[in-house]
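These protein sequence lines are chains S and R, in that order.
In this text, residue positions in the first sequence follow my numbering: the first is 1, and each later residue adds one.
In this text, residue positions in the second sequence follow my numbering: the first is 189, and each later residue adds one.
Since the hints were made in silico from the structure, they are not lab data.
Note that CB positions come from ideal geometry on N, CA and C, so glycine has one too.
Heads up, some of the hints might be wrong.
Unchecked claim - Stretch-level coverage of chain R by chain S, calculated; a stretch enters the list once three of its residues show a Cβ under 8 Å from a Cβ in chain S:
hint	stretch
1	251 to 260
2	458 to 472
Said to hold, decoys possible - Just a sample of chain S residues kept apart from chain R, beta carbon distances all over 12 Å, derived:
hint	residue
3	LEU91
4	PHE107
5	LEU136
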Amino acid sequence: MNKELKASAPTDSEIVLGILNNSEIVLKKLYTTYFPMVLQLIINNNGNEDDAKDIYQEAIIVLYNKVKSGQFELSSKLKTYIYSVCRRLWLKRLSQLNRYGGDIRDFEEYLPVDDEIDNHSERDIQFDKMENALQLLGEPCKTIMEDFYIHNRSMQDICERFGYTNADNAKTQKYKCLQRLKKLFFQQ
Amino acid sequence: MPAKAEKAVFSAIIRSEKEMSDNQLTELIERYLNDEMSHDERIQFELLRKNDAAVDSRVTEHKQFIGLLKQYGERLELQKRLDAIHNEIDVHALKEEVTIHPAWIVQLWRHHHSKISVAASIAIFAILSTLFFTGKLNSHDSRFVELRDEVNRIKVSNDQLKKTVNTSLIVAKPSKPKPSNPGNFRGTGFALSSNGYIVTNYHVIKDADSVYVQNAMGESFHSKVIYTEPQNDIAILEINDSTFKNLGAVPYNFKKSSSDLGENVFTFGYPGGEVVFGQGTLASANGYQGDTTEYQVSVPVNPGNSGGPLLDDKGNVIGIINGKQTQVAGAAFAVKSSYLLKAIQNIPSDSLSKALILNSKNTLAGLSRPQQLKKLKNYVFMVKVYNQ
């Protein structure tokens with residue numbers, strides 16, 4: 001039943017190195033290599049292609065963060081690792097949706113990956129909070145925050161963009177915004 | 189000296205901190221974290237941090253918060269990249285490829301199960317109702333027919349109704365059903381003893397309201413079922429009619445042992461209301477589907493023959509005709525006489541108002557067939573069954 005998933009798969013160490021070097025090509029290769037496997041898992045276990053996309057991207061992010069943080073050791077095949085993470089994530093999702101029937105049709109071997117999922121979902125909760133806080137913050141604060149802290153733009157740029165007459169005004173505004181953002185974030 | 193200098197710096201900072209607005213502190217922290225401070229400033233700030241827990245926690249908190257904000261930004265960025273890659277994949281084609289397609293019959297069921305269910309229910313209902321109305325459900329096997337004769341029931345019961353209404357209106361006198369009344373079912377029975385015990389098949393008299401037996405002269409006698417053995421299809425009747433006179437010694441006897449294959453056998457009964465003789469041979473020691481309580485015989489029999497005697501050449505009763513197989517020509521079945529003898533022994537003694545003594549003397553042996561039949565005729569009865 002398990003169909004051969006074809007594609008010239010990059011080697012596992014190639015991928016790890018590529019992620020560390022921010023290589024767009026490697027990321028793309030990684031993504032396209034293992035997506036069919038995950039799609040197969042999800043589609044044949046009560047999911048649709050959108051679920052597959054969500055779950056797979058989450059797994060890629062887990063892998064990505066783990067590699068970036070330097071904690072990733074190639075103790076198993078990357079394929080097995082991704083499959084295991086997706087499987088775990090999908091089981092979790094299924095039970096949240098009350099669609100879990102008690103068994104899952106497997107296509108690959110898998111490992112226990114509970115710890116990584118737990119870390120990942122904690123971080124996800126933080127990100128959700130941050131997203132909400134930014135939404136509540138409103139404009140122009142949101143853009144100022146994003147430009148300055150996320151996109152690392154200079155205060156000079158921001159001044160010009162928002163038409164502040166002097167840098168001090170902009171600075172004051174920035175700190176006010178940050179204050180409010182923190183407040184909104186911690187209130188949740 | 190160094191201690192004094194330190195003190196001076198420290199107090200200066202304390203002072204400055206008090207005057208410092210929140211924004212200024214944040215700016216300081218940012219500059220500190222971004223490594224934008226001069227060497228002196230840095231030393232000062234680190235001192236302040238060491239000595240003031242509030243400032244220290246502000247630094248940690250700010251560092252974490254900005255870190256989270258940056259990570260959040262990176263996550264959004266990564267997500268965007270992944271989405272871009274995802275959009276280049278032909279998900280639809282892949283989906284077709286990886287989906288496990290169940291067998292076509294399963295698919296058919298999934299797509300059309302409601303329609304199929306309805307159709308199946310209707311079909312089952314139709315079959316069941318057809319079977320019910322044609323009476324097929326009542327018979328355990330359509331290839332086996334019991335040979336009682338069903339008389340046109342509705343017509344008869346209508347006639348009967350009319351007659352009883354007429355007689356009760358015009359002649360206010362209860363009358364017995366006339367001997368000519370054929371009854372609802374007919375079968376055959378034969379005498380066990382001279383004092384009016386008769387054996388027939390259980391299926392002939394089952395559900396009967398009343399049972400009459402009619403002899404070859406056309407005289408009817410009311411009878412009572414005194415014992416039945418449905419498993420062997422045997423019923424014993426007793427004539428309890430005041431007009432009944434002793435039959436005289438029964439000319440045949442009952443064979444205790446089994447008969448051999450190929451033996452010439454004959455029967456005598458009332459299929460279709462007329463007395464009919466049938467002859468053949470014993471074909472098998474086992475009956476329908478290997479039933480060891482019966483013989484299979486190649487004797488032509490018809491509805492109405494049920495309950496008739498099966499005799500061998502010498503005039504021994506070896507069985508009771510009870511059925512035939514519909515899809516095989518000339519295969520009829522008869523209950524073995526040994527089971528009849530067992531049934532007679534099993535009759536509770538309080539059911540017998542008179543002694544039931546079986547004849548042991550065979551007066552048919554050695555006679556020609558027509559003479560045998562002439563004698564036999566008086567001991568074989570048409571059994572007429574009335575029910576609602």
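When the structure is checked against the list of hints, which entries are broken? Sort them ascending. 2, 4
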